[in-house]
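Hints in hand, dock the two standalone chains.
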Amino acid sequence: MPTRTLTPGTDVVERALVVDPGQLAPGRAAGFPLRREGPAKLTGEAKYTDDLVVPGAWYGATIRSTEPRARLIAIKPDPDVDWSKVVIATAADIPGENLVSSIKDDQPVLVPIGGEIRHVAEPIALLAAPDRETLRRLKGRIKLVTEALPPLFDPEQSDHVFAQYEVNHGDLDAGFAEADLVLEGEYRVGHQEQLYIENNAMIAVPGEDGGVVIHGSMQCPYYVHKALKRALNISSVQARVIQEETGGGFGGKEDFPSVIALHASLLALKARRPVRMIYERHEDIVATTKRHPAIVRHRTGITNDGRLVAQDVEVIMDGGAYCTLTPVVLSRGLLHAGGPYRCPNVRLSGRATRTNTAPNGAFRGFGAPQTEFAAEMQMSRLAERLGLSPAELRRRNVYRLKDETPTGQILRESVAGEEVLEQAVVASHYERVRDRTAREASDRLGSGTIPAGSLRSGDRRIANGIGIALAWHGAGFTGSGEVYLASVASVELTADGRIRVLTANTEMGQGTKTVFPQMVAGELGVPVDWVEYPPQDTAEVLDSGPTVASRTVMVVGGLVILAARRLKAEVETRNPGVPFHEAFRDDARTHGATRIDQKFEPYPGITFDDATYMGDAYPAFGWAAAVASVEVDLDTCEVRVVDVIAVDDVGKVIHPVLCEGQVEGGTLQAVGYATIEEMKLTDGRYLNDRLATYLIPTALDAPHIRSILVEAPYSGAPHGAKGVGELPMDVAAPAVVDAIHDATGVWINELPATPERILAALTDAGDANRGAAA
Amino acid sequence: MSAYRFLVNGSPAEVDVPGMRRLLDVLREDLGLTGTKEGCGEGECGACSVLLDGQVVDACLVPICQVEGRIVRTVEGLSLAARERGSLDTLQEAFLDHGAAQCGICTPGMLMAARAYLDAGGGPDEEPIREAIAGNLCRCTGYTKIVDAIASVAHVDA
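Order-wise, the sequence lines are chains A and B.
Take 1 as the starting number for the first sequence in the working numbering and just add one per residue.
Take 1 as the starting number for the second sequence in the working numbering and just add one per residue.
Derived from the structure by calculation, the hints contain no laboratory data.
Small disclaimer: the values here were computed from a predicted structure and weren't measured.
Fair warning: there could be bad hints in the mix.
[As the list claims (entries may be wrong)] Not everything, but these chain A residues come out facing chain B in the computed CB check (under 10 Å): (1) A74; (2) E245; (3) G247; (4) F250; (5) P344; (6) S480; (7) G481; (8) L658; (9) V671; (10) D701; (11) A702; (12) R706; (13) S707.
Using N, Cα and C, we set each Cβ at its ideal position, and we do this for glycine too.
Bound-form chain B, shown alone (with noise of 0.2 Å):
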């Protein structure tokens, strides 16, 4: 065992745990951050999806020993300026109005997905916002407001 230093949501995070042990449980176990959810274990539905550096990374693929002074962000530091508000940011906001969110366990990670894209400049033509969110599954929405809810912001942004 050895510590291993990070930054989540802006706080700094100290874990004693192996180097080997998962990103995501030491996220939901060890930081207590449940928001991040496990789908499959095997980096294939993405609803454990991370912004590491900000890049989206599958959060059960990702030892924490690869984590030591990288900055991770997860849904819950997602809109900590506008939860001090007392409100969603404008990205969780569109997913609300749209009805991107159905059973709500993929959209931790598919917001993630999402904020990644965005912030990469991505605009609101469709196919390269399906593009961005390939790697989440939903089982719920057939995707189309998803896709509708991350255009509007996208809109927004431009």
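Extracted from the complex, chain A is given alone in its bound form (with noise of 0.2 Å):
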């Protein structure tokens, strides 16, 4: 299929995956349905978790750590206190196994007596009153008794090692041997904090059963559901999990839930009665996972022309104290660090250690923003020191279709790296740009504050700079992951003749609720109302997968078009020369209730070997390029993110408005790595624990953002789609730190990029230049 590419305000998204626009008001989001709870969320009729009414609940608290490494000795309440009216909870009083069911059974629900506290926000004991003030009064006055232990803050000075892989591929000496120029380069990022507006919310309801209900805020029912069976000792009908409107995860509502469900549920047991844990901002950061660090070196290997020939590339990723999804972060990270480029002599090594910091997991992007970061940063020293534009050097390199990446994937098909470069060079005017920035760049050079440095001379005060990056994203789960998860999606005609679509994906505010509806009123004929979704709630849906990886509307979707086209065939079947459309209300009077169950099955013709590491890491990729413009102050090295042009290849837009809505959201979060969002810690503690203090973009910070839609279908998804949600985070930031070079003449390698750092990298400049001078 053909690569195709949107700009704003066309329409040739194909007719069949779209509702007769008859069905919808005139000039309504161009002929595609409405956000579907978008009116309950703009009239502040939908409820989440922490609007829920429920008579006769208490309060729940976590009493923490505030070591990063200790023994825990006894937990001692104050005996000053009357504790008959309130509950407290401890590890004694888990039913089940005390794990957070997660990849490895690391994490305590809570630190048992004589157990190891790994970090500052550790969850030790837990406390239930009828009310805030008791619970507030009281949280205070449970004292923990602890003998301290060395804690370890460096990744790589840990000898505990969650995850290590390695992928080879070529010959990285003969590679190196026929280099002309061989690049080193050290890359480091920092915590980043997923900052959903709405804090992780739960609210645990014993049942009759001897079982829990679980209300609240998460990307993933069936992940709760599990936790719960598990350290509750429960079983799947008494654990049920229902997901409330989710005010945002981006990742950090992936794992996280099941920890705040267990704990929860625990004090609802015990008090029996229903409990509400909902975290204020302070303990959310404090507690819950974030983006990990990473430490990543590149040695590169290129030819005069600019041909790479050997990239050797390693990664260390923080973990922080337990693994949580630790191991497949570092695995696509590792997978996605050499860039989008063709490179005969390959080595990816990359470990994850365990250090006392709370612990780090998912959030958008997954390993992939770190990784690419550091490949890009290298890509355009590159072309800087081969005196090549930073577009030509990628366009010289960038993968092309049937081009072999280093796990030895041939890439047949939905390869759109070129074009996506194109698009974002076009739509820039990038060379024109680059053209101007240099000889303004020029004229400033020599002078100024710093003699021999770049800093301004004159009264002008800005300096304007441009820069690009590429990327690619893994469609989906990594490696086999799909194969093992088997989802299962389902479309059902009820007996009164109502259709509804069965998932356990959740609505987080990228569209699920709209799309899949739309999916299947498209390919069932009829108008997107008629679809009904049923919300995500394990005793009504099967366990369609996490809502994660961007993996809803490609994988998930996919299930439901097929669920969609056999429900079709089998009702037009039945009634021979009908449409579905005319058909399926007699035909539900007549036959009873029809239901498809969907379950995966795996792409054709992909193939990988976890042991190896070979074979194909992905289906296929999305691609992604962004150009950046900036302008830097440069007395106070203050960085102005002014525009940003994101293409993105999703294989199919199915819904241009929400598409575009996440290519958005993700660039400028991308944007917030890049220039701010920065979390600083001290003996493992945060200390910017508050949103006063970890800054995230406001309006004004925000540059102007314009997306361009690439369609380069994938042949193995009904619909072609490839997903969307954490693409644009992996290609912004480091077009911006290029477009900082570009303006100053230094390269920032370290996130983010921050006045303080770009003022040392200037000053460094300037003494170096001014060492070549003398």
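Below, the structure is given as structure tokens:
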């Protein structure tokens, strides 16, 4: 299938997926359905977890460690307090295994007496009280007796390895021997907080059957379900998990909700009444997962004509105190670490280790933003050394059809790296602007505040810069992940003639509730409003896998489309000559309900060997380019990102408005990552653990973002879609830092590129220039 | 404790609570108006923005004793007239059409900040719109579609 580009305002999406525009109000969202839960969100009627009124519910709190590493000797409630009016739960109250179910069995629900405390916010005990005032008053009256142990904060010094992988391709020594230029680089990125605006929130209601019903903010109801069964020792039926309206996730509500659901449940079971566990912002920042910090080292060999011949990349990730999702974050990070470039000789080696900070976990991009930042900085530095335009060097190396990746995967289709690159270059007038910023820079050089540096001279305080970056993002789960998940999604025609899409995939703002009915309606030829999307409740829907990895539209959307096709065929077979939309109501009356459960089948021709780490790491890749324009204040070194052109190949655009929304939002999170979002730590404690101190971009900090959507469909998915959520997160940060270099002449190798780091780099450059002159 | 009287979305309200109780808690818990959200509890995120005598305030920073005799408007009161007709008001419709609400948790506060801007005669230019919503954090949209939505309504009003 050919690659197509959608520019804003055009409507080239195939009508096959679009409901009859006549069914929609004129002028509305250009013929696409409006966000289904939008009106409820806009009127305040939408119920998020903390909005739910639960009669008789108590309030729960977590007693946490304050030490990064220690032995827990005792938990001592103040003897002067009357504890009979409240409930305390400890590890001794856990009916099942004291484990938060995840990839490795290493994280306790609560640290047991004698157990090791591994980070400053580690949960030790739980307290529930009838009102918040009592809770606040008594929370501080439970003392922990501990014996301090030496903590470890440097992931390179840690000998506890959560995961390590190595990918070898070609002959590295031969590659370096062929190189005209060898460039080394070290890049560092820190923690990034997801900062969904709705904090983690969970309400546990004890059931009459000894089980528990969870209402909460989450991405993955079945992850929580599994965790409950294991730690509470209850059955699948006794554990029931219902996702409530969720105010953002971005990966931050992938695995952590299991922890808070278990805590709320333990209190609810002990107190025999519902318990609300609603985090405040401070606690949410202190205790929940962040993007993994990483150190990435590159050694790259390249020829004088700009051909990559050797890439040796080492990735070290800081997993924090427990494993959580670290192995798969590292895996994705490593598999993307070379960037979207053809290179015959590659070694990618990575490890993730344990340190004494709160566990790190999923955040949009899942390891790839860290490693692709490094890969892109390395490419831009190589371009500078070779005297090539950064766009031109990427043009010469970007993967093309039939190229081979380091895991030996042949890119057989849906390769759009060139397309997104050229679209970004053209739309931004990249080379023309770059010529202009280069002239401005040469006028500045040699004078200014720092002699021989590039700081300003005269009264021109602002330096302009333009930067470019390119990225790829593997679609769906890594390797054999989707095969193991074995997701099931259903489409049902009920006996009373309703059409329902049943999946466990959640709405957290990205548009699941809108696009699933849209796709099914398109297949069945009915108005979108006729298709229902019941709540994500484990008592009602099968496990269609987690809402992560940009897999919802691609993988589960594919299942939903196939299920709809089968339903249509069944109904039309029973009613020859009558189209589904005319036949289904009578068919339901006559034949009763028809439910199609569609199970995931491996994508054709895709194989991956988990043992050797060779094969098709992903069924397909999404491709993205970004061009950022910045203004750097040469007095203060503050950076203003003026605009970003984001070009993203998503395979197939299902809903242009929602898809652009993903690109714009992901782009701004990446701009924040590049410029202002920095978690500062001392002794394993986050220093800026409030919203007043951990900054995210406001409307005034945000650049103009123009999104250009490209479609290079993937034939293995019935609709061709490859996912969109994470792709834009991979690419904007290196584009911004490349633009800062264009403006100032200095490379910032550590995110975020704060004024302090830029000033330090300028000062060093000035010193070096002075040294060279002397 | 003493009773505080004020108007909420055009209706009289009376609550008998401590004077330092946050307006946010009074709205959400005493009056059941949960459309107003809490994001940080320290006046940084704007999720709890409401209008107090037409001015945008963070309801988490306003003690109820300061609300005595004043007029409070929340997201639930934004479209009272329109909702009687079973629809959204023009600003809410613009948010829906432009895709300006994603996860929706910042949306009520964002709408109130936008309403105050438009009521004060704000126009469709981008910079003043961004200024007007600079106290309201959104992590989903990148703000582009929010700014577009507000500008589209400002055009209509002008």
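These are the hints, each one checked on the structure:
no.	hint	in the structure
1	A74	33 Å, violated
2	E245	7 Å, holds
3	G247	3 Å, holds
4	F250	7 Å, holds
5	P344	38 Å, violated
6	S480	31 Å, violated
7	G481	26 Å, violated
8	L658	6 Å, holds
9	V671	8 Å, holds
10	D701	9 Å, holds
11	A702	5 Å, holds
12	R706	8 Å, holds
13	S707	8 Å, holds
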